[in-house]
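> Sequence order for the protein chains is G and Z. Quick note on numbering: the numbering used here labels position 130 of the first sequence as 130, and the sequence is numbered without any gaps. Quick note on numbering: the numbering used here labels position 140 of the second sequence as 1140, and the sequence is numbered without any gaps.
Take every hint as true, because none was put in to throw you off.
Quick list of the computed label-pair ranges, beta carbon to beta carbon:
| # | chain 1 | residue 1 | chain 2 | residue 2 | range |
| --- | --- | --- | --- | --- | --- |
| 1 | G | A208 | Z | E1204 | 54 to 64 Å |
| 2 | G | A208 | Z | K1214 | 57 to 67 Å |
| 3 | Z | K1109 | G | I204 | 36 to 46 Å |
| 4 | G | R136 | Z | N1021 | 32 to 42 Å |
| 5 | G | L52 | Z | D1180 | 49 to 59 Å |
| 6 | Z | D1138 | G | L114 | 15 to 25 Å |
| 7 | Z | R1111 | G | R136 | 14 to 24 Å |
| 8 | G | R51 | Z | K1109 | 31 to 41 Å |
| 9 | Z | E1204 | G | N58 | 52 to 62 Å |
| 10 | Z | A1131 | G | S192 | 52 to 62 Å |
| 11 | Z | P1172 | G | R51 | 43 to 53 Å |
| 12 | Z | D1180 | G | C216 | 34 to 44 Å |
| 13 | Z | K1109 | G | F29 | 34 to 44 Å |
| 14 | Z | N1229 | G | R136 | 45 to 55 Å |
Not the full set, but computed from the structure, chain Z residues with beta-carbon under 7 Å of chain G:
| # | residue |
| --- | --- |
| 15 | M1050 |
| 16 | L1052 |
| 17 | R1079 |
| 18 | I1084 |
| 19 | N1090 |
| 20 | F1092 |
| 21 | N1094 |
| 22 | A1104 |
| 23 | I1108 |
Hints listed in this document are in silico derivations from the structure and should not be mistaken for laboratory results. Beta carbons are placed, not taken as given, at the ideal position from N, Cα and C, and that holds for glycine.
One letter stands for each residue in the lines below.
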Amino acid sequence: MNYTLQYSVVLQQLPYLLGGALVTLQVAFLSFWLGAVIGLFGAVGKLKGNRLIRGLINAYVVFFTNTPALVQIFFLFYALPDVGILLDPMTAVVIGMTVNTGAYLTEILRGGILSVRRAEIETAEVLGMSHLQSLRYVILPHIAKTLFAPLSNFFVWLVLGSSMAAVFGVEELTGRAINISTANLRTIETFSVVALIYIALTVIASAALALVGRWCFRVTARIF
Amino acid sequence: MPLLEVKNLAASYGALTVLQNVNLSIEKGEVVSLIGSSGSGKSTLLRVLMGLLKPNAGEVRIDGEKVDYGSRSSLKSIRDRMAIVFQQYNLFQNMDVLKNVTIAPVEIKKRPRADVEREAKAILDRVGLSAKLKSYPDQLSGGQQQRVAIARALTLRPEILLLDEVTAALDPELVNEVLDTVRELAAEGITMLIVSHEMGFVREVSTRVVMMDKGQIVESGTPKEIFENPREPRTSAFVSKILRH
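Chain G extracted, bound-state conformation (with noise of 0.2 Å):
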């Protein structure tokens, strides 16, 4: 075996890479938040909402934590222009992420709430809070910290997962570097750097969660 590394070929194209390893935060931010959303609601309606409800939150979170992704973002992308809804990549990625984000964050709030003793929101109630101030002063900070680590881990685990927007077209970093190798042919390289970029992603964006949730919630959380 006679190969040569030329690692030059692809450092060339880093602005290119780096650009995409935006994008890559992006969609992860995105899917992360948005689904954060549909993740309070869900875990709101499954502690509190009637049997109705409480049936369709179950039949969402069984249905989307038990297909992949890859297929759920498949069915937007493919499936629904046959009935006339055309979405594009992106679009399609950021909704398939963020309602798959949405049934896996259900179950991870639903604990976080559930942990929080009854007796501080009770303290809250006699202190004069509503409802809604018990959620903002007691309930959420504490679900803050308690989930903190979960709710990281999750983040870094989209930011991984979003590659798959490569299989649609998105110029995200996997996708950029798919661009990168199959014009200069140097696969090695252009990956071995992708991966490298990757793990920068993921440890600074560790570091930087964890950064906030030593500052923000108390949670002492080991940085690396």
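Model the placement of chain Z on the given structure of chain G, informed by the hints.
Same frame as chain G, but now just chain Z:
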């Protein structure tokens, strides 16, 4: 007119009746202690008064004004006038001491932050915690946490302070630091309704002692009457059992 008046109050947890036909009136400046064995309804009475459990019969009046436990504004108004301290302190774990004490007056009652903080610091100083303003609950001992909880209740400027077994969860050596705080409050003339198993303390601070059993008030009288000369056999049985050790 009594500051707090309870007439024929009844409450239940589902099918289980926990309070029945409770009558009680408290004058301004009185310190009334509820005694009785566990499950006799003492803590439940405090929970009903604060609106944490809805009564199913009877009425409660504060300063002659009838409380409607079904109405939000009425509930808000009683929580403005009465404050409760729980056995387990129930401090907000995500807030430091000063924030725990000031959150309700500042964020809920919208009093100016600077005024509330000045007042809170003075109260925390009074309960011996001026050095702990920036500490979080998990950095404090049980006795310190309970004193923060008392300070939090006092910052609300309640007309009646309800204390629900405030020393029951504390290690024996920490009980006195909390009781000392309550003694001082009693000496200052704050109206209090206390649930306690510390009989020596009850005898010392109370103007009146009320014996409860099976969700009912058995008898009430001065500490001397209840502890030395109880009329009811259930009271004498309870008192002799407690005072034996």
